[in-house]
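Participant: Residue strings, one per chain:
2 protein chains.
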Amino acid sequence: MPPAPYAADLESIRQAEQRLSGAAHRTPLVQCQAISQRAGRSLWLKCENQQKVGAFKFRGATNTVSLLDDEQAARGVVTHSSGNHAQALALAARNRGIAAHIVMPSNAPSVKRQAVEEYGAEVIACEPTLAARETTAEAVIERTGGTFIHPYNNPHVIAGQGTCGLEILEQVPDLDALVVPVGGGGLLSGICLAARALNPRIRLFAAEPSGADDAARSLAAGQLIPQENPSTIADGLLTSLGDLTWPIIRDHVEAVITVDDEAIVAAMRLLWERAKLVVEPSGAVGVAAALDNRFQSLTDLNQVGVVLTGGNVNLDQLPW
Amino acid sequence: MPPAPYAADLESIRQAEQRLSGAAHRTPLVQCQAISQRAGRSLWLKCENQQKVGAFKFRGATNTVSLLDDEQAARGVVTHSSGNHAQALALAARNRGIAAHIVMPSNAPSVKRQAVEEYGAEVIACEPTLAARETTAEAVIERTGGTFIHPYNNPHVIAGQGTCGLEILEQVPDLDALVVPVGGGGLLSGICLAARALNPRIRLFAAEPSGADDAARSLAAGQLIPQENPSTIADGLLTSLGDLTWPIIRDHVEAVITVDDEAIVAAMRLLWERAKLVVEPSGAVGVAAALDNRFQSLTDLNQVGVVLTGGNVNLDQLPW
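Heads up: the sequence lines are chains A and B, in that order.
Every number in my numbering is 791 more than the matching position in the first sequence, counting from 1.
Every number in my numbering is 791 more than the matching position in the second sequence, counting from 1.
Pulled out of the complex, with its shape left as it was, chain A reads as follows (with noise of 0.2 Å):
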């Protein structure tokens, strides 16, 4: 029997979604008329937004933390991440009573180290560098013997993140596509896995920023295409897609519909002012791509699932 041809499926997302059940929130999935009108068809919002930590990434950390041995376990975890990553995870060895090591860049808001030693973790400063980021996990490692949690590139992680698709299609099962935000691809990525494993009609678009748009130029050339130097209000979305979460894309995402900042903070007010829900600038980049041009010239597309994927935003500075 050949391998499984990617890093998960619909029977390690169903495990996931056992491991999370009690720990995660089963998020709610709402209609706001006032959107659904602008987009021109019915979009149904999954409020990833109100999960634990305010993110989807809470999914991805939960299942794979709980897949730790106990020898594992006692050694503790490490990321380095000053996004919804780091609290995720920090949460979710919280939960198992583990330690969690966080690499921060010195340059991150004081509001994110809050959060994150809120929950319980070692907070590890670095220079605002990826290349110090990685050598200071590094350290960290050797030092404790902890486990590095990759944010996306695991297979335990993007099967976490594939029980948001699981969810949504058993909330509304006859969808006829679903849109989803991509920075690193592995919530996008569990998706495609579990909407088409349980609906192979599905059709499954990615949002993407404009200033980001790796995952667009990697589909369009058939290939792999890092990301360089991204500018976007979008911070979640800034990484490049990794080698386990890029054939599932590639092999699923029927398009990647770009947008620009302006698109993205327009979706977002418009998110607060009638869905009332706090969204951040990356969690807002599935409705600004359902009001662009592009998706609306789309035909047979009228129920439409969007994510939410966050809503950690400091309030007292707002981008409008």
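Treat each hint with caution, since some may be false.
Label pairs and their calculated CB-CB ranges [said to hold, decoys possible]:
{"hint": "1", "chain 1": "A", "residue 1": "T926", "chain 2": "B", "residue 2": "Q1094", "range": "48 to 58 Å"}
{"hint": "2", "chain 1": "A", "residue 1": "A1012", "chain 2": "B", "residue 2": "G831", "range": "33 to 43 Å"}
{"hint": "3", "chain 1": "A", "residue 1": "L1109", "chain 2": "B", "residue 2": "Q1094", "range": "28 to 38 Å"}
{"hint": "4", "chain 1": "A", "residue 1": "E918", "chain 2": "B", "residue 2": "N1020", "range": "57 to 67 Å"}
{"hint": "5", "chain 1": "B", "residue 1": "N1105", "chain 2": "A", "residue 2": "G1013", "range": "46 to 56 Å"}
{"hint": "6", "chain 1": "B", "residue 1": "S1022", "chain 2": "A", "residue 2": "L801", "range": "40 to 50 Å"}
{"hint": "7", "chain 1": "B", "residue 1": "N990", "chain 2": "A", "residue 2": "R866", "range": "47 to 57 Å"}
{"hint": "8", "chain 1": "B", "residue 1": "E918", "chain 2": "A", "residue 2": "G813", "range": "51 to 61 Å"}
If you only want the chain A side, here are some residues facing chain B, beta carbon under 10 Å, derived [as the list claims (entries may be wrong)]:
{"hint": "9", "residue": "V821"}
{"hint": "10", "residue": "N840"}
{"hint": "11", "residue": "N898"}
{"hint": "12", "residue": "A899"}
{"hint": "13", "residue": "P964"}
{"hint": "14", "residue": "L1062"}
{"hint": "15", "residue": "W1063"}
{"hint": "16", "residue": "L1068"}
{"hint": "17", "residue": "V1070"}
{"hint": "18", "residue": "L1099"}
{"hint": "19", "residue": "G1101"}
{"hint": "20", "residue": "N1103"}
{"hint": "21", "residue": "V1104"}
{"hint": "22", "residue": "L1106"}
{"hint": "23", "residue": "L1109"}
{"hint": "24", "residue": "W1111"}
It should be emphasised that the hints constitute simulated quantities derived from the structure, not laboratory data.
Cβ atoms here follow ideal geometry from the backbone N, Cα and C, with glycine treated the same way.
We have chain A; now place chain B onto it with these hints.
Facilitator: Chain B only, in chain A's frame:
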């Protein structure tokens, strides 16, 4: 057989629920661990901020408009309001294809006026006094023959708001208590009737701004005491109880928890930051009460529902 003692009952609320089916949202009931921890018990947040027009008011308005006979309906509806009732009545009228005439004070924020006009209603400006609002509304009724729809002191409005209580107890049947903000008391009285009918042992609490505490003073005095010169950021809760809502509240509410504006804004911000919900000041008063020491000191309240009544906020003028 003696007449029913109150303006509504379980039967009229169930009929309202059927009329609202398909027109109003069945809003989510969500949990937020961070807020529950601060409250010292498990809170269930009823998201009426995600109701159509962004507030529970759409329930009562829709039920009342549905009950007009064709002749009445043809002459339209009239009210005076600068708040959520205005938008709710405007949309409920549009859904039935009839006219709505809304008297608004000339100093009402232009965004509120625009929202009502977007729902297709005619806005009639008047001097910003209660006397001017009433005489202007009377003139509109004279001119149009329309039906005046009171925002709360109306049996069909009370029954409509009561559907929110039915939903909460369908979503989580074993709640120990409910906390509901009170202004005129339409929502509170409707929920009292629905919840007590479904669960005779449920404990019912009102949450009220200390700067508009007529319900607290009325309950203490055992008689309806109108509100004079209210002063609070919770601009949806300025009004006095009505003669239809007061007896229901008097007989069913265990206590009124009053909270000051500082506590209201803190609860509002907590809802935005941690529950990721856009809630207006009036809508956060229930959570402010649940976080108040007097409420926290009560025993045997493990599972508590709290209604977030609305989410209509000017995002350019936040109170922090």
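Participant: Looking back at the numbered hints, which does the structure fail to meet, lowest number first?
Facilitator: 2, 6, 11, 12, 13
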